[in-house]
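Q: Chain residues, written in single-letter form:
There are 2 protein chains.
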Amino acid sequence: MRSVDLLIEKINVLQLWESSLTLQRGEFLKVKGSVDTRLYFVESGCLRVFLMPEEEELTIRFAYQNNLFVALDSFISEAPSDLYIQAIKKTKLRVMSKSAFTRLLNSEADAAHWWRDILEVLVFQQFERETDLLISSPAERYRRVLARSPQLFQEVPHKYIASYLRMTPETLSRLKKS
Amino acid sequence: MRSVDLLIEKINVLQLWESSLTLQRGEFLKVKGSVDTRLYFVESGCLRVFLMPEEEELTIRFAYQNNLFVALDSFISEAPSDLYIQAIKKTKLRVMSKSAFTRLLNSEADAAHWWRDILEVLVFQQFERETDLLISSPAERYRRVLARSPQLFQEVPHKYIASYLRMTPETLSRLKKS
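Protein chains in written order, with this note's numbering: chain A, 1 to 178; chain B, 1 to 178.
By construction, these hints were calculated from the structure, which means they are not laboratory data.
A few of these clues could be false.
No copy is singled out in the list; a pair is fine if it fits within one copy or between any two copies.
[Said to hold, decoys possible] For lysine-lysine, the following DSBU-like pairs were computed, each having C-alpha atoms within a straight-line distance of at most 35 Å:
hint, residue 1, residue 2
1, 176, 10
2, 98, 10
3, 176, 32
4, 89, 32
5, 32, 10
Here chain A stands alone, though its shape is the one from the complex:
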């Protein structure tokens, strides 16, 4: 079992989820300028995370069913962040405050250990993403992400995959066919 699944199971057993939340398709969980330090579990649905430093929406992450997720930078810094988080289909979330999560990590050594594993995986994934962004060939970026994240191509609309891969929807269509 993956550390993330063990941690989810522990939170379920201890009944630490504090509330739940349903977002309709297109609805925002967070917008630029807000703080969000909560931990979420995606019961169903899918979300995308994007930035808009200039005029274009830059999709940088997705959150899938049966996974934990947080507003990365704001969860860690506890400060306002530039992230937008939007449901791309109807999405049900379980919610836990950071203070409750911190209490869990400080009282349960196995939970703290799993969280450390999860952070290491996250560091590794972010490193892979950085490498993707530095590769100028669209075909090579597509090949790397397809090998790493087949789920992306099953669950996420074409236009958001193209945005994540930093290419036009037309280039992505061409690569999918080839």
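With chain A held as given, fit chain B onto it using these hints.
A: Leaving out everything else, chain B in the frame of chain A:
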């Protein structure tokens, strides 16, 4: 005191460094295709981390004096990685194996706690770096990195800063003057 300094102090007090290593300027600590799972402390000097997926060297990180560092992806995955790590001046390192480091984390709760803090900071920094890479304006990239990492501009040669910022040395010179 920062968690990283507390962790370094603890490793020093427990005398867990297993060896030391001196690299001459230009010498490589790691090249593409190799595994490196060791933890390092930079006693003096400076290193740069780069990728070369196509023909160009892409500088992605620096390791400064009095800091810990690892070959990020390989340390976590324990698999061969694409990273090159090179001393950009004469550099002295203390070295610890991953197995000794893991024993420390599993036996000392405070060390495990500091490592969790360090991983969270790393996740946050990587997120900032990803945002940098997505910003198309060289002036804005320069402004963000200058605000975040003044040390970079004191310790690292101009050409490597330009590579890190994804701009030509000429553009960087122009931005420094403006």
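Q: Determine for every hint whether it applies to the structure shown.
A: Verification of the supplied hints:
Taking CA atoms no more than 35 Å apart as the test, residue 176 paired with residue 10 passes in neither setting, with 40 Å inside one copy and 52 Å between copies. For the identical chains of this complex, residue 98 and residue 10 are neighbours both inside a copy (16 Å) and across copies (28 Å), given an alpha-carbon limit of 35 Å. Proximity of residue 176 to residue 32 under the C-alpha cut-off of 35 Å is found in both arrangements, the shortest distances being 33 Å within a copy and 29 Å between copies. Within a single copy, residue 89 and residue 32 get their C-alpha atoms as close as 21 Å, which meets the 35 Å cut-off; across copies the closest is 41 Å, which misses it.
Proximity of residue 32 to residue 10 under the C-alpha cut-off of 35 Å is restricted to the intra-copy arrangement: shortest distance 32 Å within a copy versus 40 Å between copies.
When each numbered hint is compared with the structure, a violation occurs for hint 1 only.
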